[in-house]
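Engineer: Using the sequences and the accompanying hints, generate a full structural model.
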Amino acid sequence: EPFVADEYIERLAWRTPGGGSRGGEAFDPKRLLEEFVNHIQELQVMDERIQRKVEKLEQQCQKEAKEFAKKVQELQKSNQVAFQHFQELDEHISYVATKVCHLGDQLEGVNTPRQRAVEAQKLMKYFNEFLDGELKSDVFTNSEKIKEAADIIQKLHLIAQELPFDRFSEVKSKIASKYHDLECQLIQEFTSAQRRGEISRMREVAAVLLHFKGYSHCVDVYIKQCQESAFLRNDVFEDAAILCQRVNKQVGEVFSNPETVLAKLIQNIFEVKLQRYVKEQLEEHRKSDAEQYLKNLYDLYTRTTNLSSKLMEFNLGTDKQTFLSKLIKSIFISYLENYIEVEIGYLKSRSAMILQRYYDSKNHQKRSIGTGGIQDLKERIRQRTNLPLGPSIDTHGETFLSQEVVVNLLQETKQAFERCHRLSDPSDLPKNAFRIFSMLVEFLCTEHIDYALETGLAGIPSSDSKNANLYFLDVVHQANTIFHLFDKQFNDHLMPLISSSPKLSECLQKKKDIIEQMEVKLDMGIDRTLNCMIGQMKHILAAEQKKTDFKPEDENNVLIQYTNACVKVCGYVRKQVEKIRNSMDGKNVDTVLMELGVRFHRLIYEHLQQYSYSCMGGMLAICDVAEYRKCAKDFKIALVLQLFDTLHALCNLLVVAPDNLKQVCSGEQLANLDKNILHSFVQLRVDYRSARLARHFS
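Just so we're aligned: the sequence shown equals residues 2 to 699 in the numbering used here.
A portion of the hints provided could be inaccurate.
To be verified - 35 angstroms max Cα-Cα, derived DSBU-like pairs, lysine-lysine: (1) 467 x 513; (2) 311 x 225; (3) 489 x 513; (4) 280 x 327; (5) 363 x 580; (6) 349 x 225; (7) 265 x 349; (8) 588 x 512; (9) 72 x 54; (10) 489 x 288; (11) 489 x 467; (12) 576 x 539; (13) 552 x 637; (14) 580 x 631; (15) 321 x 367; (16) 580 x 367; (17) 576 x 467; (18) 569 x 634; (19) 467 x 547; (20) 330 x 489; (21) 415 x 539; (22) 547 x 588; (23) 467 x 321; (24) 415 x 367; (25) 288 x 432; (26) 512 x 349; (27) 296 x 432; (28) 489 x 415; (29) 467 x 363; (30) 511 x 432; (31) 321 x 214; (32) 250 x 288; (33) 634 x 548; (34) 539 x 512; (35) 588 x 363; (36) 349 x 467; (37) 489 x 552.
What the hints assert, rightly or not - Distance ranges between label pairs, derived from CB positions: (38) 104 x 318: 54 to 62 angstroms; (39) 481 x 627: 33 to 41 angstroms; (40) 293 x 254: 39 to 47 angstroms.
Everything labelled a hint here was simulated from the structure, so no lab data went into it. C-beta: ideal position from N, C-alpha, C; glycine also.
Structural biologist: Here it is, written out as structure tokens:
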């Protein structure tokens, strides 16, 4: 433990008798001093003893340090001597190695010509055997030495090509024959080894054949045998991928140029197997069934490009992307050249069939909507005057719009866009997509929607027709839904194909023009429909409203709260408001309801101007207008409600006491109205001609 002087003194005093109050003993300072003096002497003796021991150890340490330093010096001298010996030995070894290398070079210089001479002698010996016409050497007669024989005959074949034909024609022929025989034997041996699955033997034979002219034939045999029993399933593309995967693992163990062999295998698969399969699938339907032909073309091209993507992971040389693209193009070029013409032709006939089938199901003979001078003149007159030109057509409630037809047309066009994206050349893609879009506009927008709008317009009765059935709002509702579907396909499927091309602005303009054209007809139809609604209200008011309603014979016996005409008109208006809400969406609802509300107010205003009002009749008129105002709340249009509030205030002029007329006219709701309007309502009172009333209002 660390030494603490204070604690040490305390312990010493505590152990000394009389050094503290332990056990009731009295404190004895002399005894304690004596104990301290004795203890100090003991510590001094101990210190001297330890000091002597330290000095002795220091002397011993100095002595050992001197001995160790001397020993280190001796070791350094020994190390220097050893290093000098090592340098001398290294120089000697280098000298000997130089001599040995020089001697080796000399031996090689002597041995190489000797080996060449020996080899030349052997070749001359074998050449003589061909000259004599009898092959006696074991290398030619022993089938197990085919590798050595191949090496020899390959060299003899090269030599024979340099010899003059007139003197050595016979021997050249024999060497060539033997060359061919050995080549055939090697290929046969390679074939047998491949069938047995002996990779090492295949590698040996391929290495020997590498220097023969028939090496390419060896590769062809390998490729042919690889494909035996490889295409047994119905999915030729999956079989091809599995085959290439298997061969890719093996070809590097057999051939010295695996990427070339694998590329040749893939080329063979594309140009033979796939091309034959594609031709069988497409030629069957090319002239007889355009729909199946296009589906097969899209499917086959997609599966071929997917196979190409899988093959990209293999080593096929430097530019494998271009290599595979050329293979795909070689298969499909004859089909892709006129693809878009087939697509447009099919889309045109299919769309026409869908529409015709729909109209046939409705037992409807489609009217021809004329174009040219007279029709254009009628259209301009109709747009400016909003008058129905030509006889009204009874559509029997049929809108001639079908969501099923629209979905079918959009589905066909969607598939056409997908095929166009996959099968079109990138440079032709925007142009082809625009042609497909034009087909959609022609059949969906012009032949179906526009025809339905024209038919709907022709089916709107005149405003003075009684009990007219108004179906144009149903046309509006369905056309609105179809526009949303049309716009969704435009954004989802056409825009990605043309977004970065000049065709984008052309497509947007075409879409804008067709929508604006249809909006004009929709606006015209809605306007005429509103006129018909007002006409129906006029008929109800004319039939149900009686002059005695507002000037009853018995002023004290009026039992009704509002007139029968008011009840029927409000019931009719509520139905039309609900129909408008169900047929439109967004701001269009408020716009049409506001227009209907304003016309409804004008009708009631003008209607009330036709009668004279007694005091009780005026009260009944106020009740009618209150009911009309309650009906106007259903419009949820502030302007319409304000108009009827004002009309209700005007009706108060029919019953107010003559003395209060000026006060009522200056009220909040009537203060801003023209005085002539106020006067016109006051004139409707039966008591207007009394001098008192005229005086008060003047």
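Engineer: Against each hint, give a clear statement of whether it holds in the structure.
Structural biologist: Right, here's what the structure says about each hint:
Taken as a hint, the residue 467 and residue 513 pair is broken in the structure, with Cα atoms around 38 angstroms apart against an allowance of 35 angstroms. In summary, the hint linking residue 311 to residue 225 is supported, as the alpha carbons are separated by about 22 angstroms, within the 35 angstroms threshold. Among the hinted pairs, residue 489 with residue 513 is consistent with the structure: their alpha-carbon atoms are about 14 angstroms apart, no more than 35 angstroms. Distance check on the hinted pair: residue 280 and residue 327 sit about 17 angstroms apart at the alpha-carbon level, within 35 angstroms; holds.
With a CA separation close to 24 angstroms, the supplied pair residue 363 and residue 580 stays within the 35 angstroms bound. A C-alpha spacing of about 46 angstroms is found between residue 349 and residue 225, which places the hinted pair above 35 angstroms, so the restraint is violated. For the hint pairing residue 265 with residue 349, the CA-to-CA distance comes to about 43 angstroms; that exceeds 35 angstroms, so the pair is violated. Using a Cα cut-off of 35 angstroms, the hinted pair residue 588 and residue 512 holds, with the two alpha carbons roughly 21 angstroms apart.
Under the criterion of a C-alpha separation no larger than 35 angstroms, the hint pairing residue 72 with residue 54 is consistent with the structure, at around 27 angstroms. With a C-alpha separation of about 34 angstroms, the suggested pairing of residue 489 with residue 288 holds against the 35 angstroms cut-off. Note on residue 489 and residue 467: the hinted pairing is violated, with a Cα-Cα distance of about 41 angstroms set against a maximum of 35 angstroms. Using a Cα cut-off of 35 angstroms, the hinted pair residue 576 and residue 539 holds, with the two alpha carbons roughly 16 angstroms apart.
With a CA separation close to 33 angstroms, the supplied pair residue 552 and residue 637 stays within the 35 angstroms bound. With a C-alpha separation of about 18 angstroms, the suggested pair residue 580 and residue 631 falls inside the 35 angstroms cut-off, and the hint holds. For the hint pairing residue 321 with residue 367, the CA-to-CA distance comes to about 57 angstroms; that exceeds 35 angstroms, so the pair is violated. Between residue 580 and residue 367 the CA atoms are separated by roughly 28 angstroms; this keeps the pair inside 35 angstroms, and the hint holds.
For the given pair, residue 576 sits about 17 angstroms from residue 467 by alpha-carbon distance, which is consistent with the 35 angstroms threshold. A C-alpha spacing of about 17 angstroms is found between residue 569 and residue 634, which places the hinted pair at or below 35 angstroms, so the restraint holds. Of the pairs offered as hints, the one joining residue 467 and residue 547 holds, with about 19 angstroms between alpha carbons and a cut-off of 35 angstroms not exceeded. For the given pair, residue 330 sits about 34 angstroms from residue 489 by alpha-carbon distance, which is consistent with the 35 angstroms threshold.
For a cut-off of 35 angstroms, the pair hint linking residue 415 to residue 539 is broken: about 49 angstroms separates their Cα positions. Proposed proximity of residue 547 and residue 588 is contradicted: the alpha carbons are some 39 angstroms apart, above 35 angstroms. In summary, the hint linking residue 467 to residue 321 is not supported, as the alpha carbons are separated by about 79 angstroms, beyond the 35 angstroms threshold. Taking the CA atoms of residue 415 and residue 367, the gap is near 26 angstroms; set against the 35 angstroms cutoff, the hint holds.
Of the pairs offered as hints, the one joining residue 288 and residue 432 holds, with about 25 angstroms between alpha carbons and a cut-off of 35 angstroms not exceeded. Of the supplied pair hints, the one linking residue 512 and residue 349 holds, its CA atoms being roughly 19 angstroms apart against a limit of 35 angstroms. With a CA separation close to 21 angstroms, the supplied pair residue 296 and residue 432 stays within the 35 angstroms bound. Simply put, residue 489 and residue 415 have alpha-carbon atoms about 11 angstroms apart, close enough for the 35 angstroms limit, and the pair holds.
Note on residue 467 and residue 363: the hinted pairing holds, with a Cα-Cα distance of about 27 angstroms set against a maximum of 35 angstroms. At most 35 angstroms may separate the alpha-carbon atoms for a hinted pair to count; residue 511 and residue 432 meet this at roughly 14 angstroms. For the proposed pair residue 321 and residue 214, the alpha carbon gap of about 27 angstroms is at most 35 angstroms, so the pair holds. For the given pair, residue 250 sits about 43 angstroms from residue 288 by alpha-carbon distance, which is inconsistent with the 35 angstroms threshold.
Under the criterion of a C-alpha separation no larger than 35 angstroms, the hint pairing residue 634 with residue 548 is consistent with the structure, at around 28 angstroms. For the given pair, residue 539 sits about 40 angstroms from residue 512 by alpha-carbon distance, which is inconsistent with the 35 angstroms threshold. Note on residue 588 and residue 363: the hinted pairing holds, with a Cα-Cα distance of about 34 angstroms set against a maximum of 35 angstroms. Restraint check for residue 349 and residue 467: the C-alpha separation of about 43 angstroms exceeds 35 angstroms, so the hint is violated.
Taking the CA atoms of residue 489 and residue 552, the gap is about 60 angstroms. The hint is violated against a cut of 35 angstroms. Look at residue 104 against residue 318: about 47 angstroms separates their beta carbons, and that is not inside 54 to 62 angstroms. At roughly 35 angstroms, the beta carbons of residue 481 and residue 627 sit within the given window of 33 to 41 angstroms. Between residue 293 and residue 254 the beta carbons are some 45 angstroms apart, a value that agrees with the proposed interval 39 to 47 angstroms.
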